[in-house]
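Novice: Sequence:
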Amino acid sequence: MTSKDVGACLRDAASTWRRRFTSKRDLAKVQAQFNAWAEETGLPYVQLSRICAMSIGENYAPTRWRDLFGGEE
Numbered sequence: 001m002t003s004k005d006v007g008a009c010l011r012d013a014a015s016t017w018r019r020r021f022t023s024k025r026d027l028a029k030v031q032a033q034f035n036a037w038a039e040e041t042g043l044p045y046v047q048l049s050r051i052c053a054m055s056i057g058e059n060y061a062p063t064r065w066r067d068l069f070g071g072e073e
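Using the working numbering, the letters of the sequence shown map in sequence onto residues 1 to 73.
Each hint should be verified, as a subset may be incorrect.
With beta-carbon atoms standing in for the labels, derived distance ranges [what the hints assert, rightly or not]:
#	residue 1	residue 2	range
1	Ser55	Asn35	14 to 20 Å
2	Glu39	Arg66	34 to 40 Å
3	Gly70	Ala38	29 to 35 Å
4	Asp26	Ile51	16 to 22 Å
5	Leu68	Arg25	36 to 42 Å
6	Leu27	Gln47	16 to 22 Å
7	Leu43	Arg11	17 to 23 Å
8	Asp12	Tyr45	15 to 21 Å
9	Lys4	Ala38	17 to 23 Å
10	Leu43	Asp12	15 to 21 Å
For the record, the hints were derived by calculation from the structure and aren't laboratory data. Only a predicted model underlies this, so the values are computations on that prediction, with no experimental measurement involved. Note that beta-carbon positions come from the ideal geometry of N, C-alpha and C, so glycine has one too.
Generate coordinates for the entire structure from the input sequences, incorporating the hints supplied.
Specialist: Right under this line is the structure:
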């Protein structure tokens, strides 16, 4: 399963990606891309997914994040 931002990151990385990743073939391509990034960087998948999701779309400064979603000071 891919989030909206991870999907946008994948489409930004290669224009051949589809809008949605629903077929087994699409999901295999997503897994192959993450496998390639993991091998290339040595980072775990959870970090790659977070980097991908946070590299595109709307991002907030830490203070704005706390205002919107709560959290400790």
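Novice: Tell me the hint numbers this structure goes against, listed in increasing order.
Specialist: Violated hints: none at all, because every hint is consistent with the structure.
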